[in-house]
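Visitor: For reference, the chains in residue letters:
Number of protein chains: 2
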Amino acid sequence: MFSIILSHPQMGENIGAAARAMLNFGLTDLRLVAPRDGWPNERAIANAAGALEIMPPVRIFDSTVEAVADLHCVLATTSRTRDMVKPVFNPESAVEELHQRLTQDQKIGVLFGGERAGLLNDEIALCHGIISIPTNPDFASLNLAQSVLLLGYEWIKTQGTLTACDDNNPPPAPLEDKEAFFQRLETELDATHFFRSEGSEAIMKRNVRNIFSRADLTQGELNILHGIISALRGNKKKPGTK
Amino acid sequence: MFSIILSHPQMGENIGAAARAMLNFGLTDLRLVAPRDGWPNERAIANAAGALEIMPPVRIFDSTVEAVADLHCVLATTSRTRDMVKPVFNPESAVEELHQRLTQDQKIGVLFGGERAGLLNDEIALCHGIISIPTNPDFASLNLAQSVLLLGYEWIKTQGTLTACDDNNPPPAPLEDKEAFFQRLETELDATHFFRSEGSEAIMKRNVRNIFSRADLTQGELNILHGIISALRGNKKKPGTK
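Chains as they are written, first to last, in the numbering used here: chain Y, 71 to 312; chain E, 71 to 312.
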């Protein structure tokens, strides 16, 4: 299990957006330590876009120590190392570490501080390491839910799902069909005196081939191009004629 | 230049949060196509956490064609391939592609659709490829600003900044100092008859060493541990005595 622990979160909007981000990436165990406005929270529900109804009930704790008690490894998100001797991870390496531990049946979690004050040093001292999210040093403050999102996003990348939709593009046409198209195009261009001199003709032909080669044309697209040439050359056939 | 283009965005909150996310990751060129509530937008400003004041002015366009006119390569974010023959990227591979083009002095951009309807097929047809963000298939809908955030995050990862804070942990102590600590610990434990039998003593000593070896102890921490042993053994020396 991969738990997300929000310590002393203030705004319900952020709790809701964090829940939505969690479920977007398949995370469902949300724990709150002393949320400022209590729980349940209407603004959280409104901002979760339905996620809180799908996820198991959020658990509320009085202290961070209690919230992480059953976990084997917790990493703390913070933008400062605070002179504590801890391994420092970025989101990607953090998720690698956590994933490795999960395969050893460890219960893992990531701890996030409240919007204003972040985490206390005593809370960070509970954690195995620190996660530092790379940001623009001149504008570094990430929204709480955004930080949760980035961890969730890195997490789903370890789960083998790298795009939401399959790359179900049709395959490119076989080279012989492309060659037939090139030859027809060249023949038609020759007929229009497109190629002026022998010297430039070879280069021009190569350039034309390169344009269409790069495009990784499918069979359907080749048919369209044949149709275009026919149309441009004005030798469209009426239906039923030969 | 790396541009973010939001086509027909609806909620000012999302535009503002997108601007904040952009600046968090060092992106500053935001273009809006026909924002529903006009521009400037108070809710956008409120949600940008100051980003809009730092970034160059947002540019507004009537159509997506105009908004991307000066760019060399635009990728479209969408969760469906829509039966168009396009390369499909995930955020990571998209950013690799864009980064490569930027090094060739191309102007690059990512196009995002509005909250409700996403992008029109005609808008996607303008783009070189599609970016599909991996999400939980049962809860796939990402907030607009969150999608912008993920692209910005992948972008900053290509800029060589992998953690916001340096790993400035002190180095571990040299092995001779650790060895001295182990030997003192073993001597003290021997004196308390901690090691019962010869058979188990070697294993026990190895286990104790492993505990402390794994911790990658620094010089300062070794000093603390020496102090703890002294304290526990009751042989603290008063200042000035030998």
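By construction, these hints were calculated from the structure, which means they are not laboratory data. Since the structure is predicted, the reported quantities are computational estimates derived from the model, not experimental observations. Incorrect hints may appear among the rest.
Derived coverage of chain Y by chain E (criterion: at least 3 residues anywhere in the stretch with Cβ under 8 Å from a Cβ of chain E; other residues may be distant) [as the list claims (entries may be wrong)]:
| hint | region |
| --- | --- |
| 1 | 86-92 |
| 2 | 243-255 |
Beta-carbon label-pair distances, calculated as ranges [as the list claims (entries may be wrong)]:
| hint | chain 1 | residue 1 | chain 2 | residue 2 | range |
| --- | --- | --- | --- | --- | --- |
| 3 | E | I298 | Y | R129 | 31 to 37 Å |
| 4 | E | D107 | Y | Q289 | 42 to 48 Å |
| 5 | E | M71 | Y | S300 | 29 to 35 Å |
| 6 | E | R150 | Y | F252 | 47 to 53 Å |
| 7 | Y | S283 | E | D175 | 22 to 28 Å |
| 8 | Y | S283 | E | D286 | 50 to 56 Å |
| 9 | Y | Q80 | E | D192 | 39 to 45 Å |
| 10 | Y | R129 | E | P207 | 49 to 55 Å |
All C-beta atoms in this analysis are idealised placements derived from N, C-alpha and C, irrespective of residue type, glycine included.
Visitor: Would you pick out the hints that fail for this structure and give their numbers low to high?
Guide: 2, 5, 6, 10
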